[in-house]
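Asks: Sequence:
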Amino acid sequence: MASSAPVRANESRPAAAADLAIVLVVFGLGSLAVPLLNPLLRHGNSLGAAFEAAGFQFFLEGLAPLVLMALRHESFSTYGFTRSRMVRSLVFAVALAIIYDLALSLHAGSWLWIPLRRQPAVRMSLAAGMPLGLLGLAVTILVWGFLEGFFGVYFARKVNLVVRHHGRGWLAPGVLAFALFNGGVHLIVGQGLEGFLTSFASGYAIAVVPAITGNAWGSALVQTLTNAVGRL
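Letter 8 of the sequence shown, counting from 1, is numbered 6 in this note's numbering, and no numbers are missing.
Be a bit skeptical, because a hint or two may be false.
[Stated by the list, open to error] Simulated DEER-style distance windows between Cβ atoms:
1. Val85 x Ser29: 23 to 31 Å
2. Arg229 x His164: 40 to 48 Å
3. Met128 x Leu169: 42 to 50 Å
4. Val32 x Ile97: 26 to 34 Å
5. Ile112 x Asn36: 40 to 48 Å
FYI, nobody ran anything at the bench for these hints, they're computed from the structure. Idealized CB from N, CA, C, for every residue including glycine.
Using the sequences and the hints, build the whole thing.
Replies: This is the structure in structure tokens:
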């Protein structure tokens, strides 16, 4: 995603490149286990299985950025998670999510509006009943909503730092880079051209929110609203 906060002169280009490389290596190594673990994680029937799936997803996209942030003494505000311009960011995110869901619905010939409806962890959490199911749903939203959205923001900001771009605009390098990354990952795992296009679109939406509004909370929201949307 594009940088929500402008790139500053004192931010290290080599450090950003190293951080981006580490994140990609962790993601790549974790992805090697997907063919083995995915059938097990997606077909569990307990709340524990939902937590295991969330833990694996956290390893893929949450662990490395958070550790690197701690080592670099960065805060979430560095990436645009602030109160400033938050309302604008959230409204923009809702608009993008509506456009995305409408396009997906028209293509599918059925209304697809329920966020995370097709996410297996949601099914497992609901099967656990209440109130434990609420904990599972909260973890699902945290991991597949906030952290996946944050991963895109982190990725795009590091790209902008590497290429010395201010990170603003519809076609900022970080925005396009994450959109291509997101689409490419889903293409590689066998989702075909359709998977590439839909994932490119969702990745672009996540990344462009802070690039246009200067606030990244909308990135987490648009990811939550568009991830694995299902039928009414």
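Asks: Indicate, hint by hint, whether the structure satisfies it.
Replies: Hint check:
| no. | hint | result |
| --- | --- | --- |
| 1 | Val85 x Ser29: 23 to 31 Å | violated (36 Å) |
| 2 | Arg229 x His164: 40 to 48 Å | holds (41 Å) |
| 3 | Met128 x Leu169: 42 to 50 Å | holds (46 Å) |
| 4 | Val32 x Ile97: 26 to 34 Å | holds (30 Å) |
| 5 | Ile112 x Asn36: 40 to 48 Å | violated (22 Å) |
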